[in-house]
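Visitor: Each chain, written out:
Protein chains: 2
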Amino acid sequence: MKASKIGEIDFAKGNGLVPVVTQEARTGKVLMLAYANKEAVEATMKTKRATYWSRSRNELWIKGDTSGHVQKVRRVLVDCDNDTLLYMVDQVGPACHTGKHSCFFSKLDSEE
Amino acid sequence: MKASKIGEIDFAKGNGLVPVVTQEARTGKVLMLAYANKEAVEATMKTKRATYWSRSRNELWIKGDTSGHVQKVRRVLVDCDNDTLLYMVDQVGPACHTGKHSCFFSKLDSEE
Numbered sequence: 001m002k003a004s005k006i007g008e009i010d011f012a013k014g015n016g017l018v019p020v021v022t023q024e025a026r027t028g029k030v031l032m033l034a035y036a037n038k039e040a041v042e043a044t045m046k047t048k049r050a051t052y053w054s055r056s057r058n059e060l061w062i063k064g065d066t067s068g069h070v071q072k073v074r075r076v077l078v079d080c081d082n083d084t085l086l087y088m089v090d091q092v093g094p095a096c097h098t099g100k101h102s103c104f105f106s107k108l109d110s111e112e
Numbered sequence: 001m002k003a004s005k006i007g008e009i010d011f012a013k014g015n016g017l018v019p020v021v022t023q024e025a026r027t028g029k030v031l032m033l034a035y036a037n038k039e040a041v042e043a044t045m046k047t048k049r050a051t052y053w054s055r056s057r058n059e060l061w062i063k064g065d066t067s068g069h070v071q072k073v074r075r076v077l078v079d080c081d082n083d084t085l086l087y088m089v090d091q092v093g094p095a096c097h098t099g100k101h102s103c104f105f106s107k108l109d110s111e112e
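Chains S and C, in that order, are what the protein sequence lines are. In terms of the numbering used here, the first sequence has 18 at position 18, counting the first letter as 1, and numbering is strictly consecutive. In terms of the numbering used here, the second sequence has 33 at position 33, counting the first letter as 1, and numbering is strictly consecutive.
These are computed hints drawn from the structure, not numbers from a lab. Heads up, a few of these hints could be off.
Note that identical chains are pooled: a pair holds if it fits in a single copy or bridges any two copies.
[Claimed, not checked] Here are the computed lysine to any residue pairs in the SDA-like style, where the Cα-Cα straight-line distance is at most 25 Å:
#  : residue 1 : residue 2
1  : Lys72     : Leu108
2  : Lys107    : Asp10
3  : Lys13     : Arg75
4  : Lys72     : Glu42
5  : Lys13     : Ser110
6  : Lys46     : Thr66
7  : Lys29     : Pro19
8  : Lys13     : Phe105
9  : Lys13     : Lys100
10 : Lys100    : Arg75
11 : Lys107    : Ala25
12 : Lys13     : Asn37
13 : Lys38     : Leu17
14 : Lys5      : Leu108
15 : Lys100    : Met1
16 : Lys2      : Ser106
17 : Lys38     : Asn15
Nothing here was measured: the structure is a model prediction, and the numbers come from that model.
Working from the sequences, and respecting the hints, build out all of it.
Guide: What follows is the structure, given as structure tokens:
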């Protein structure tokens with residue numbers, strides 16, 4: 001597998017942020033989508049705890065710091081355009097603030 | 001499973017676009033991340049072919065229309081904030097323009 005460096009990630013395109021898809025390593029479930037700046041990615045790589053940038057609170061967001069629902073990061077993948085990340089994690093408790101395991105628990109209806 | 005309507009999707013937050021995570025239904029692999037506007041989501045629901053909004057070409061992007069590498073959509077999920085979608089698809093050929101099956105083929109190094 002190709003290896004990428006943090007310096008290669010294109011943060012500029014998203015005004016300093018890249019979207020991060022978070023997938024549960026054990027089940028393959030997509031748990032959530034959040035955003036990370038360079039500081040968050042560096043913290044994630046260093047601590048192996050999924051860290052994001054909270055756009056609503058405008059601060060570094062160490063997932064689970066308040067709830068205890070931490071994400072242990074097994075590996076981080078970068079996409080072909082270097083502008084999206086994929087965190088492969090072991091999820092402790094639910095990932096979603098609603099108490100659901102994944103944030104994707106609603107099915108889109110075909111009808112408007 | 002909860003059901004959502006297209007009208008409930010929060011396109012405003014992303015200036016008319018929401019990020020879309022695309023996952024292969026059969027394997028659970030995350031294939032790519034792209035963006036959709038309301039028109040793209042409506043086309044996806046109607047045709048069951050994954051449709052996005054190309055930010056580089058600034059036009060509707062019916063995945064595979066040029067390459068033949070179409071994505072048949074089994075279902076579309078909406079996240080808890082109504083601002084991210086998950087397309088569950090059957091992928092024909094590779095999803096990535098590089099010829100790789102998934103766009104996430106590079107591992108982020110811990111070292112800078």
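Visitor: Give a verdict on every hint.
Guide: Here is how each hint holds up against the structure:
Taking the shortest alpha-carbon separations for Lys72 and Leu108, only the inter-copy value of 16 Å comes in at or below 25 Å, while the best intra-copy value is 30 Å. For a Cα distance limit of 25 Å, the shortest separation of Lys107 from Asp10 across copies, 15 Å, qualifies, whereas the shortest one inside one copy, 32 Å, does not. In this assembly of identical chains, Lys13 and Arg75 lie within 25 Å of each other by CA distance solely inside one copy; the values are 23 Å within and 29 Å between copies. Taking identical chains as interchangeable, the C-alpha atoms of Lys72 and Glu42 lie at most 25 Å apart only when both belong to the same chain, with a minimum of 15 Å there against 36 Å between chains.
Taking the shortest Cα distances, Lys13 and Ser110 sit within 25 Å of each other only across copies (23 Å), while inside one copy they are farther apart (32 Å). Proximity of Lys46 and Thr66 under a CA criterion of 25 Å is satisfied intra-copy only: 20 Å inside one chain copy versus 41 Å between copies. Taking the closest pair of Cα atoms, Lys29 and Pro19 come within 25 Å of each other both inside a single copy (17 Å) and across two copies (17 Å). Within a single copy, Lys13 and Phe105 get their C-alpha atoms only as close as 29 Å, which misses the 25 Å cut-off; across copies the closest is 20 Å, which meets it.
In the homo-oligomer, the alpha carbons of Lys13 and Lys100 lie at most 25 Å apart only across protomers (23 Å), although the nearest pairing inside one protomer, at 32 Å, exceeds that limit. Taking the closest pair of Cα atoms, Lys100 and Arg75 come within 25 Å of each other both inside a single copy (23 Å) and across two copies (19 Å). In this homomeric assembly, Lys107 and Ala25 come within 25 Å of each other (Cα to Cα) both inside a single copy, at 23 Å, and across copies, at 15 Å. Proximity of Lys13 to Asn37 under the C-alpha cut-off of 25 Å is found in both arrangements, the shortest distances being 12 Å within a copy and 18 Å between copies.
With identical chains, the CA atoms of Lys38 and Leu17 are at most 25 Å apart both within one copy (8 Å) and between copies (23 Å). In the homo-oligomer, the alpha carbons of Lys5 and Leu108 lie at most 25 Å apart only across protomers (6 Å), although the nearest pairing inside one protomer, at 37 Å, exceeds that limit. Taking the shortest alpha-carbon separations for Lys100 and Met1, only the inter-copy value of 11 Å comes in at or below 25 Å, while the best intra-copy value is 33 Å. Taking the shortest Cα distances, Lys2 and Ser106 sit within 25 Å of each other only across copies (5 Å), while inside one copy they are farther apart (35 Å).
For a Cα distance limit of 25 Å, the shortest separation of Lys38 from Asn15 qualifies both inside one copy, at 11 Å, and across copies, at 23 Å.
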